[in-house]
Amino acid sequence: MHLKNSMTLRDNLRIDTSSSQAPRGPISPSDTAIANYAGRDLQANRGVPLNLDWVNAVRVNTSAVERRAQTIGTRRTVKKEWQAAWLLRAVTCMDLTTLSGDDTDERVRRLCAKARQPIQHGLIQKLGIESLAIKVAAVCVYHAFVETARRAIEGSGIHVAAVSTGFPAGLSPFEERLAEIRRSVEAGADEIDVVITRAHVFGGKWQALYDETAAFKNACGPAHLKVILGTGDLLTLRNVARASVVAMMAGADFIKTSTGKEAVNATLPVSLVMTRAIREYAQETGMAVGFKPAGGIRTAKQSLDWLALMKEELGDSWLKAELFRFGASGMLADIERQLEHHATGRYSADYRHPIA
Amino acid sequence: MGIVEKFMTMEYGPAPEDPREALAWLDGHGRRFGHFIHGAWQAPAAGSYFETTDPSTGEKLATVAQGSAADVDSAVKAARAALPAWQSFTSHVRARYLYALARQVQNIRAGSRFSKHWITASRFVKAATSIFRW
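Here the protein sequences line up with chains D and C, keeping their order.
In case it helps, the numbering used here puts the first sequence at residues 1 to 356.
In case it helps, the numbering used here puts the second sequence at residues 357 to 490.
Check the hints yourself; a few may be wrong.
[Said to hold, decoys possible] Derived CB-CB ranges, DEER-like:
1) W442/C - T299/D: 33 to 39 Å
2) T71/D - F406/C: 34 to 40 Å
3) K301/D - A441/C: 34 to 40 Å
4) D102/D - L457/C: 42 to 48 Å
Hint data in this document are derived by calculation from the structure and do not stem from the laboratory.
Where is the CB? At the ideal position from N, CA and C, for every residue including glycine.
Produce the entire structure from the sequences given, and follow the hints as far as they go.
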């Protein structure tokens, strides 16, 4: 699907061998598809060997990216029942997160209660959506609260994500970062959000970044790996695109924009670049990588913008929690308000929709 | 149930630019409009009307009163008479009226991109609202 105003990740076309060759990487035909892009079934990411030619060929046309990003929220709108449905979809793709120094077991338990029932019961009845059994995708906490969260969401099918590897700076000793991942997985986390060493990106040390991320992936075992690029720190869109590609080659299940602690967090241009990188990786390797924008997404309207971005750039497979997550909590209150407006025609104050 | 099905398909749904609602509103007024002066629709003093058309198709949308100096005079007179009552409101109350007015026009405008006169009217109200808010 080519759209006007599209950007190319590479200006200089490398010879494209993907159509004539079998996909790279160890894929056996028995693997079940987790996604579909342009009629092709895609498998979960197992990583491929680092391909420096590919990484170095990555280019980003910044002006084109900005222009395209500007119109994502304006060219299509969803209204009325469609809007309610999209907002509910956004809820099911949320990683309800608390990552503060003042977190307590109690707060995590309240967050988990909200995760199980993100929309007020009365509102669910008014909207007639009991059959959807809406819940969020995961709760995301520091390692110290993994066990608490695991117990609190027992039996709900909600995932427990732990931030790891010296979050948010990612600069603690390497062995300790690996041990941190193993400890969180042992404690019951089935998703691990790691931060990369941003210095590897600035120095163009792609091999180091690849080895680091692959080691994280290895330490995760069966848990899903979400790789935080810290896009606010990376400064250029080309850095973002290259770091995305390297993280995916190293086996990331998700690539995530930011920690939520940088000065600039998830933006549409950065997200566009990352989704295009995911698309190119899927086309080249036949493997699907998820996307998680985090930080700075606070309103229901923004959640619709990001859903539209995923639908336009990657297709309907990326509108599900398996391949798309919002790293946001405050957004849920606004979504609840909008749903209440849809059901009753009136807005309520946001303090009537506490998160935790 | 609608929302459940839409949750599954994740379609965009119809665009809000559908003109049916606006056309129904025009029909409700008999597609003929006088001047709205002193809280009521008035026939123009000179008795002349003109037709407004859909610029994309050239189709006639409605017949609209042609204003004259006499109409302007009566409108200004009505406004003068209403001014003391209006001035006695606090700015907050005035803002509420203007905001409600702007909201109505905005709602109509969503369905009437095709009428240049509506666009002019809504721009005027928008401008007026931003002035009177202060």
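Evaluate the given range 33 to 39 Å for the C-beta pair formed by W442/C and T299/D.
-> 35 Å Cβ-Cβ, so the 33 to 39 Å window holds.
- prompt: Could one say that the CB atoms of K301/D and A441/C fall in the range 34 to 40 Å?
  reply: Holds, since K301/D and A441/C (Cβ atoms, about 39 Å apart) stay within the stated range.
Task: Whether the CB-CB distance between T71/D and F406/C falls inside 34 to 40 Å - done: holds, 37 Å
inquiry  = Does the beta carbon distance between D102/D and L457/C stay inside 42 to 48 Å, or does it fall outside?
reply    = Check passed, 47 Å falls within 42 to 48 Å.
The structure agrees with every numbered hint stated previously.
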